[in-house]
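Colleague: So you can see what is in the structure, the chains are spelled out below.
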Amino acid sequence: MAVNWLRKFASRSAATVFPVLGRQGEAALHRLALTPGIELVDSPRHASVLLVAGEIPADRFEPLRRVHDQLPHPFAVLWFRSEPWPHLEDVTRIDALDALPEALIAAHRELLLGRRDSASRILPDEPPNPWEGLGDFGQGGEGMMGGVPYGRPMAMNMMDDVRDGLTLDSLSFRLGPFYPGLPPGMAAEITLQGDLVQMWSTQLAPYPRALDPVFFAARERPVPIAELELARAHHHLRRLFSALRLAGLEGASLSALRLARELSPGSRLDGLRRRLVRSGFFRLSSLAGGALEAEQARQLGGPAARAAGLDDDLRSQDDGYRRLGFAPVTQSAGDTRARWQQLLAEIEQSLQLARRAERDKACTERMDSIETPRGPWLEQLPQDGSSLLDELMPGLEWGDALATVASLDVAAAERSLGEAPA
Amino acid sequence: MELVALLLILLIGLGAGLLIQWLPMRHQPMPTWPQRAPFLGGGTPDSHAWSRYHVRYYPMTLLLIAFEMEMMFMYPWAVVFVEKGMMAMMEMGMFLAILSVGIVYAWREGVFKWQ
Numbered sequence: 041m042a043v044n045w046l047r048k049f050a051s052r053s054a055a056t057v058f059p060v061l062g063r064q065g066e067a068a069l070h071r072l073a074l075t076p077g078i079e080l081v082d083s084p085r086h087a088s089v090l091l092v093a094g095e096i097p098a099d100r101f102e103p104l105r106r107v108h109d110q111l112p113h114p115f116a117v118l119w120f121r122s123e124p125w126p127h128l129e130d131v132t133r134i135d136a137l138d139a140l141p142e143a144l145i146a147a148h149r150e151l152l153l154g155r156r157d158s159a160s161r162i163l164p165d166e167p168p169n170p171w172e173g174l175g176d177f178g179q180g181g182e183g184m185m186g187g188v189p190y191g192r193p194m195a196m197n198m199m200d201d202v203r204d205g206l207t208l209d210s211l212s213f214r215l216g217p218f219y220p221g222l223p224p225g226m227a228a229e230i231t232l233q234g235d236l237v238q239m240w241s242t243q244l245a246p247y248p249r250a251l252d253p254v255f256f257a258a259r260e261r262p263v264p265i266a267e268l269e270l271a272r273a274h275h276h277l278r279r280l281f282s283a284l285r286l287a288g289l290e291g292a293s294l295s296a297l298r299l300a301r302e303l304s305p306g307s308r309l310d311g312l313r314r315r316l317v318r319s320g321f322f323r324l325s326s327l328a329g330g331a332l333e334a335e336q337a338r339q340l341g342g343p344a345a346r347a348a349g350l351d352d353d354l355r356s357q358d359d360g361y362r363r364l365g366f367a368p369v370t371q372s373a374g375d376t377r378a379r380w381q382q383l384l385a386e387i388e389q390s391l392q393l394a395r396r397a398e399r400d401k402a403c404t405e406r407m408d409s410i411e412t413p414r415g416p417w418l419e420q421l422p423q424d425g426s427s428l429l430d431e432l433m434p435g436l437e438w439g440d441a442l443a444t445v446a447s448l449d450v451a452a453a454e455r456s457l458g459e460a461p462a
Numbered sequence: 012m013e014l015v016a017l018l019l020i021l022l023i024g025l026g027a028g029l030l031i032q033w034l035p036m037r038h039q040p041m042p043t044w045p046q047r048a049p050f051l052g053g054g055t056p057d058s059h060a061w062s063r064y065h066v067r068y069y070p071m072t073l074l075l076i077a078f079e080m081e082m083m084f085m086y087p088w089a090v091v092f093v094e095k096g097m098m099a100m101m102e103m104g105m106f107l108a109i110l111s112v113g114i115v116y117a118w119r120e121g122v123f124k125w126q
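Listed in order, the protein sequences are those of chains G and U. Everything in the first sequence is counted per the numbering used here, starting at 41 for the first residue and increasing by one. Everything in the second sequence is counted per the numbering used here, starting at 12 for the first residue and increasing by one.
Okay, chain U solo, but in the shape it has when bound (with noise of 0.2 Å):
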């Protein structure tokens, strides 16, 4: 019954979205071609902007996925903490000195150095 009445505020709440989005469309032609290129100040591009370029945050990303999994294993980790007591200190405090290796390293290579 529950899921039924779920399916239901979604579907109504999709078509309503829809709607929305819908009626003021209605009469709106697509715009024209000119308008759908990119803007330039007047100039013109001689290829797709479709290009593969390097997105230079990327080992800044590396690291945040890094820290994510210290959390991830943190969590677990705190509530068997109490029971297990030393043991787990020495566990953690293992699992995070190989970590800081990785971002002392990174470091080391410049990772914090925007581009």
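The shape of chain G in the complex, shown without the other chains (with noise of 0.2 Å):
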């Protein structure tokens, strides 16, 4: 009887979902940030239902398997815009954006009041690295440090410090590809010596971030600023809502993705800037890390040149823009807080740009070369960018290193594979 109460109550609680993204993956993961009743969580620990958000690429079944085996009993799986995996038995596939929230809390309802199955595992129920059970503390080897407990060697001192000469055990894992501080789809080998980045090796580039279609148009024919300004405001605060929610300024966060869901030429900037202010966002000492040089803000190009004090923006070259009175704006620093003042300011400036060319109807002018949200566009797209982080990385604290992570836009840019992001 009790425990019928309990199942009720708990069924009522919002929907815990683990995301796990794949390509395009993030339309779902911006719409249910917002919606009530459902929580998104950091780890599949703390989940109920596992929700596959985009098409998986076959290199990343692997780590699915094991994302996907981590969530505690029961557990629901369903799959949004992505093909299941035929050997799943009774398995849920959504397409529809609009109706998804419904789906998960329904899910995580019809589970908790046990009229739902748990979804079976994938991978067997074994330890990966068997119990050696040799050695005086069962270490399975000769001495304290000298075994390979579960097979796994224990960690050892084996390269010299690079912060200040005090050695420590370094430890090494592969992180991601979903891994919700990383870029959806990136995953790198990384050795942390204590809490510092000793090295830091990517393996997997993260998936190609949408572009707007506006942007497409762009190339093709005049489209009017106002719209060109306001796609590439939308993209930089979802982006600024990603950093947020990994800074754990969870109210902030939403209240960014909510300004880029209403966002309107008419949209102002003073209310998040003054909450970022508030909340000591700028004064966050993660801050401080990942200086970009000359050479590397030029080949990342974008917000994050302008950031490290680069003017180059193609909108300079366009006579519609210059008639706006448009001029790039630059920081010096060219570091991770450097780069969220200069998105800010982007993010105001595209919005006074879209204002101004909505009252005088302005059009671009120039169709051979963009500026889109991520970078330059002559030739060809901006392409992915995450091999520079292999040398940006190493002597970060942990905490400033994801935050550098978060700061660069470091997704290559591709052309939305359905319809334009809601």
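Check the hints yourself; a few may be wrong.
What the hints assert, rightly or not - Coverage of chain G stretches by chain U, computed from C-beta distances (three or more under 8 Å per stretch; other residues unrestricted): (1) 83-93; (2) 106-118; (3) 201-214.
FYI, nobody ran anything at the bench for these hints, they're computed from the structure. Just so it is clear, CB atoms sit at the ideal spot from N, CA and C, and this is done for glycine as well.
Please assemble the complex out of the two chains, which come individually in their own frames, going by the hints.
Modeller: Rendered as structure tokens:
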């Protein structure tokens, strides 16, 4: 009896969803973040529903199997715009974004009320490296540190410290491609010494990020600048959302997303900027790292380059923009903090340009060179720049490293697969 | 008698606590092996998570202990302060002076700067 009541209460709680992002699966994430009754969690341990959003490339199947089996029993799996694996029984596939929130909440409710069976595990229930039970402490070898318990060696101090000479055990692991702190789809092999990144090698590049269709239209014909600038602000606001979520500023991240959803030339950034200043976002000590050198900044292009003091912006070559009085804004420091200040300044500038362009009915004039929110598009779309992290990350503390990754838009740009994101 | 009562309360409390934990756990199987692995977003670790690393707040904890010892000395001092008068005042002054030399030294060494 009591258990039934508990089940009922539990089923009314927010549905805890761990999103596993496939290609262009972020639209679902942005929609769910603003849906009441759904809580996006950062680890499968806290989730009752696993959401596979977007097509998962075949080289990420093995990691997906591991994440799939890390949800506690009972759990449900929903595939959104993604083909479920044929050997799975009783799977739900959803293609309509509007139907997704209800489906997730229903799955959570049915699971907790016992009306739905838990999804079955994929991996065999056996230790990845069996216990070997040798040695004084069962560590599977001689001496205190000589063994390989469970077949994995003990962390040993193999490398010199890069910070202050205090050598610590180095810890090597592969992170991603479904780690919420990295760009979707990105995986890296990392060696930490204490909290310091010793080595970083990007193994899988992040999925290309979808650009708004208006940027592709601008390559073919003149388009209204107001529309182009709103799409740019929209892109930047969604990036700001991920970074604020990573910084633990959930409320501010949601207001960035809300602003992106209701963006119009009349939108104002002041409220969000005030909120960020008050929450202490710009004073976070982890924003001090990740300074780009001029060459790295040029290679990456876009807002990251302008945050490092380069005033390269293809918009200044367009007569339509020139008539609106456009001049690129820049910062000088080139670090993570400068990049966020640059991004806020660019959002503000885009909104101003959109207001002026709407008043003057201004259109773009050049079609061979477009400044996308990711960077310049001359002959080809901005390419993946995740290999830059390999040289940028070593020497940063873990928090600074994640803040740096969030502030750099390293993913390549591509055409949107389906409809334009809401 | 009181001791027996206390012991009984302790035993009943402990028993009830363990019972409440055990009841829902009865039919729960252990989490599976893949579930017990550390969450790395689909990645795998190379070595055990049991690694020695430097907790960087260590010097700060030492300073905290220095302040704590100061407070421990101050309580009995406050009790005899009225009786001893100026002499107690001087003694405490000397003690605090020695302690603050340590704090000034630590400050110079950058202990308060979070790494």
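Colleague: Going back to the hint list, which numbers does this structure go against?
Modeller: Result: no hint breaks.
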